[in-house]
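So the sequence lines, in the order shown, correspond to chains A and B.
Under our numbering, think of the first position of the first sequence as 55, with each following residue one higher.
Under our numbering, think of the first position of the second sequence as 9, with each following residue one higher.
No wet-lab data here; the hints were simulated from the structure.
Among the clues, some could well be false.
[Claimed, not checked] Per the computed footprint, the stretches of chain A lying under chain B, defined by three or more beta-carbons under 8 Å from a beta-carbon of chain B, are:
(1) 139-152
(2) 321-331
(3) 346-353
Where a beta carbon is used, it is the ideal one built from N, C-alpha and C, also for glycine.
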Amino acid sequence: NHAALIAARRQAAPYIGRATAAGFSPFASSAMGADIGALLEGTSPLAAAHGIAGPPRPDLAVYSTNTGPELTRWFEFYGDYYRVPVIGLHPAPVLEEVEPADFDAAVHQLGRFVSQIEQATGRTLNQDRLAEVVGYTAQAAALWDEILSLARAVPAPFTYFDTLVHLAPMVLLRGTPEAVAYYQGLKAELEDRVARLVAAVPEESYRFYWDGPPIWGALRPLARLFADAGAAIVASTFAGIFALPGLDPDNPLASLAQAYLGVFPNRSAKYQAAFLALQFEQYGVDGAIYHDCRTAPHASQVRHSSAVRVPGQTGVPGLVIESDSHDPRLFSLERLEGQLAEFLERQIQPMAGSIRG
Amino acid sequence: MSELRSTGLLRETMGAYYRSLGDAAERKVAPVAWCTSVGPAELLRALGFAVFFPENHSAMLGAARTAQRYMPLAHAQGYSQDICSYLTSDIGAYLAGETPLSDFGLSGTPRADVLVFNTNQCRDVREWFEWYGRTWQVPVVGIRSPRSLEDVTEGDVDAVARQIEALIPPLEAAAGARLDATKLATAVGRSRECSDRWEACLQSAANRPAPLTFFDGTIHMGPAVVLRGAEEACAYYRILQAELEARVRGGQGAVPVESFRLYWEGMPIWGRLRALSTVFAEFKTSVVASTYCNSWIFSDLDPTDPIRSMARASLELFIVRSEGPKERYLEEMIDQYDIDGVIFHDCRTCPNNTNSRYGMPRRLSERLGIPTLVLDGDVNDLRCFSDEQSRTNIEGFIEQIADARAAPRPGGTR
């Protein structure tokens, strides 16, 4: 979240440069580079935005490899830098189905994880409190899922770009009543928009899907670019990750294991292709944008042929864009404008014409 | 550089293996299983499969420099130029209907009855095997191994052992045979002997001068990759080990003059093995050890506890571990082989087996005072490698080591 904030404020480039000077390759995760560069520089956008000096010094650094193994490297860096314990979850990756052996192993790992944290903090996990926290997350996740589904309406009452802003409480505050309250309010507002046929993109002509990481440093120009083309990006794999299904306060640890094991980035290409096909149908999309994120190989699912396979299965054409989540040097709005115009002209408009005409 | 006498036997051993794959796939003398390089080969062998390792096939395509022709065919199917060039070379060669195995009488890569992966090395292997599974409509099964482990715990071993056990019923169905516990123990025992002898061969390079280099290792590791669990591999390494011991006794080095000793971290650059080995020799340098060749040492294998020991061996590997254990391992190797400098290969299409991108060279350098060099390249895609640039970098690196050696060292330490 801190790295995304840095990129969204267009401060990533010098920080990534700082991390590169400290030995991180230009091919290392730019999210990690931006965050570590800021840490080494001793500055943070949190100062200007919220009046705090920077990310709080951790007593513990905790990660899961369910969104990619490079997270380990990032958190090991924090552990060394701050001299604090680093504790990780290493779930079975590349899953087609979540098989019983994968689930049992994830539950076992969570049990060990709890013991490690108890040992590091000197505190004992209160099961009732865990159930309460999981209950809040379950409520917020269900609300977030319902909210995302509201974009199935035509016209869509909000876009992918809106979800990138409004998922912040799900990322930062899940497990709290504040997140639940926030999403209750947001859901009511969006339901009202649906009822009144308020369109996020005036004259919505096309509905798109976004696969791959966001381009944090260019959200506003991208939103404008698509809106100007009459294209509403109505759904994304990224925002959907946080609609963690199946969390159950009556069975907190097991349901946490299940939910975090099954996230989209932890699945095989076959599962991911089937998931995309289902999403395309549910959201009625005309086209898909596949972001090949230069410094995030594990989050760039498109590299494993989804942009060829999924259109073959669904008839939904795809546009692959090469860019990066955090490194602005790898993003060109002009190039994307050209690509989008050509995509609309050659692939989307003829198809829309044949359906509507 | 004198060729090892064992090379003739190596060619015979590998040739017989490739011909046996042809017998299995084309004359149907045995069912065929594909296996990732550090997948559960012993289990497959015990079930009577002829076991094919597509990574070995890809390395052949890289070494023959035909990969360049094949990769675009896979890119055209939507596989990115940035993903594993082993995958794109191999699938491309299949689409072109060509294989170097034709030199051994095969009409193509041996068609699988089942494909068995282990994600302990990366996700790409599963996606690679799934492509063939779809193409041939055959089962793809495997182990979804945890990754980036700091410690290998009993819980991790239990989880992987359970996954290996779960493979047995579908593999028995594909083999048309029941698993015989004695055969599994035998295969694991042979794998262990192969591993121990291969380790002894590699460790002979701890001597000065080193009797073999990393470049020799990448060729002579063939039987440890494709024939582990089989007697033929053990037989080969008994001969190679004896030859290397004789070289050590005779003070015979792999390079004519060994002034500097380097470690190679990362994947080989298959299309430039000979060129690189010549460059290093020219600079009186022996690349005496590597993570890559060491990755076929499975010291945890235990025939009295086959499945759990296979699980543990698959998890203890360098590639499955986090930065901390990797750095400690490299430190141990630097000490054991008396290394003057470490080369990190930044392998363009293999982020999983590239360890230079997250500050490790600098950390090692600062902590141990050892020079490091990051060499840009790729395992198979030679568009990512420049002979001239690499030569210049290597030359500068050796000069740096030589200058440091010539300068007075405070306290006499490195």
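Results for each hint:
1. 139-152: With 8 residues in contact (Cβ-Cβ under 8 Å with chain B), the coverage given for the segment 139-152 of chain A holds.
2. 321-331: holds (count 3)
3. 346-353: holds (count 3)
Against the hints set out earlier in the document, no violation occurs for any number.
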